[in-house]
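*Asks:* Here's the letter readout for the chains.
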Amino acid sequence: MEVVFLTFILVLAIFLGFELIAKVPATLHTPLMSGANAISGITLAGAFISAGAADSHMATILGTAAVVFASINVVGGYLVTDRMLSMFKSKSRGSR
Amino acid sequence: MLEFVANMAYVVSAILFIFGLKMLGHPGTARRGNMLSSLGMLIAIVAGLTHHGIVTYEWILAGMVVGGVIGAVAARLIAMTRMPELVALFNGFGGTASLMVGWATLYGADLSTFTVVTVLLSILIGGVTFSGSLIAYAKLSEVIDGKPVIFTGQRVFNSLLLIALVGSGVMLTMAPAADSPWLYAVLGLSLLLGVMAVIPIGGADMPVVISLLNSYSGLAACAAGFAINNNILIVAGSLVGASGMILTNIMCKAMNRSLANVLFSGFGAVKQGKTIEGEINPISADDAYYVLEAARSVCFVPGYGMAVAQAQHVVKELGELLEENDVEVTYAIHPVAGRMPGHMNVLLAEADVPYEQLMEMDEINPRIDQVDVAIVIGANDVVNPSARDDPDSPIYGMPIINVDKAQTVFVLKRSMASGFAGVDNPLFFGENTRMLFGDAKASISQVITQFN
Chain A
1 MEVVFLTFIL VLAIFLGFEL IAKVPATLHT PLMSGANAIS GITLAGAFIS
51 AGAADSHMAT ILGTAAVVFA SINVVGGYLV TDRMLSMFKS KSRGSR
Chain B
1 MLEFVANMAY VVSAILFIFG LKMLGHPGTA RRGNMLSSLG MLIAIVAGLT
51 HHGIVTYEWI LAGMVVGGVI GAVAARLIAM TRMPELVALF NGFGGTASLM
101 VGWATLYGAD LSTFTVVTVL LSILIGGVTF SGSLIAYAKL SEVIDGKPVI
151 FTGQRVFNSL LLIALVGSGV MLTMAPAADS PWLYAVLGLS LLLGVMAVIP
201 IGGADMPVVI SLLNSYSGLA ACAAGFAINN NILIVAGSLV GASGMILTNI
251 MCKAMNRSLA NVLFSGFGAV KQGKTIEGEI NPISADDAYY VLEAARSVCF
301 VPGYGMAVAQ AQHVVKELGE LLEENDVEVT YAIHPVAGRM PGHMNVLLAE
351 ADVPYEQLME MDEINPRIDQ VDVAIVIGAN DVVNPSARDD PDSPIYGMPI
401 INVDKAQTVF VLKRSMASGF AGVDNPLFFG ENTRMLFGDA KASISQVITQ
451 FN
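The listed protein sequences correspond, in order, to chains A and B.
Counted the way the working numbering counts, the first sequence spans residues 1 to 96.
Counted the way the working numbering counts, the second sequence spans residues 1 to 452.
Certain hints may be false.
The list that follows gives simulated cross-link-like pairs (lysine to aspartate or glutamate, EDC-like), each with its CA atoms no further than 20 Å apart [to be verified]:
1) K89/A with E328/B
2) K253/B with D362/B
3) K23/A with D362/B
4) K253/B with D389/B
No wet-lab data here; the hints were simulated from the structure.
All figures in this text were calculated on a predicted structure; none of them were measured in a lab.
So that you can see chain A by itself, here it is in the shape it has in the complex (with noise of 0.2 Å):
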């Protein structure tokens, strides 16, 4: 049963994320993208487990390198964003 539910929320999420990018102007392309793929490192929530389980020495490991990897992806993927949409600037805003 637990399979089905994965899959539900599986289906739903992929939806929701169509819904919500559908319409995004080209000039976000870049920061969306980048943003996304702070989201992705995600996956750190789940490298916690494997390297702090010490189930053996490869699984902390490898956790551990996941952990690394998984940070970079988080911390740099959001900075960065911040740093190319503190860019962006409306003409009213603006320079000028």
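Please arrange chain B on chain A, whose structure you already have, making use of the hints.
*Replies:* The following block gives chain B in isolation, referenced to the frame of chain A:
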């Protein structure tokens, strides 16, 4: 009880991700949207840390500090022109993390068929994302040649690769073990598949590749979520997967090609368009200045060459001078200009061009004949009239910005070499076209000195 609270926290972060993504879609709210989404991430991370299976925190904390510092430094130091490389790398890191989480799951006790299959999927998708992104990174940063790599028997080789992958996967599912040789086979073959998937794709098609890898990095997280039974991974992963798919689709439409065509055809290898004969008309920076001084409406059309020459700031400077001269200045941006979706928009934003001045292809084309001077800066294929007029051209059918219909066209170009797709461009031979040869940044700076 703690688990219940953690799961509720995941619901909250899912909501924040959804609102964050929605707000990222509007220029006015985008920045707040990104912050909302990062708040969702923070909540998910804290909730993840409370998991009952975690007995030791030292490695987790060490890993987060190392990764966080690397990520923060990279995000701060990267030049805006190198953004496509960074996004490619981050995609790859997301993929690796999911691969490793899936792999580590095999060391746990319960190895049901369902778990093993989802672990296989996270290794496959994560591995393809990782090696594919590294190749994309190498192509973008010109560590390796950006041209498509095609060899005879490529399709046969790839088919065999896929069969071997499925075979190894089945063997592992039948006798699941963390030290199974079939596991290493799946790992190696997945990484190889990622390489094989990206090498036949050329530089001009990079926006498609980048957004597709973006989608994969989400799907990999999703597969890892199935493997470890974690809802938030599934929800967040599929949101990212879906948004990447949409972007990929937009990019493909902008080139009037199907995704399959981009992925498998090895661009420009098949058809050869007409060779063009005619005379080119060079122009000096001095003469360009006189034409610009008399113009009432000027439209800049940037391409990848602007990023290479780092010319966005001088372009903006010239745009301002023209505006002071009461010229209407616009910037027309083709959806696939540059090496990733929205590449030109980011560069012009960095140079402080307000986004109201940026026009999409469909906005500018109906009024392009009222533009006195269209200035093409390092763009080629996206302004190539063959795409419209020559059915034999490899890029025939791709929507273009019709700069050839403007009163005058300036093309800033280093030399007479053909564009990335290797296609000749009749625009350069047009009667209303003037070629301004040289480095784009230097050429524009020269025109600017004339204004002062």
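*Asks:* Compare the structure with each hint and give your call.
*Replies:* Structure-based check of each hint:
no.	hint	verdict
1	K89/A with E328/B	holds (19 Å)
2	K253/B with D362/B	holds (13 Å)
3	K23/A with D362/B	holds (15 Å)
4	K253/B with D389/B	holds (18 Å)
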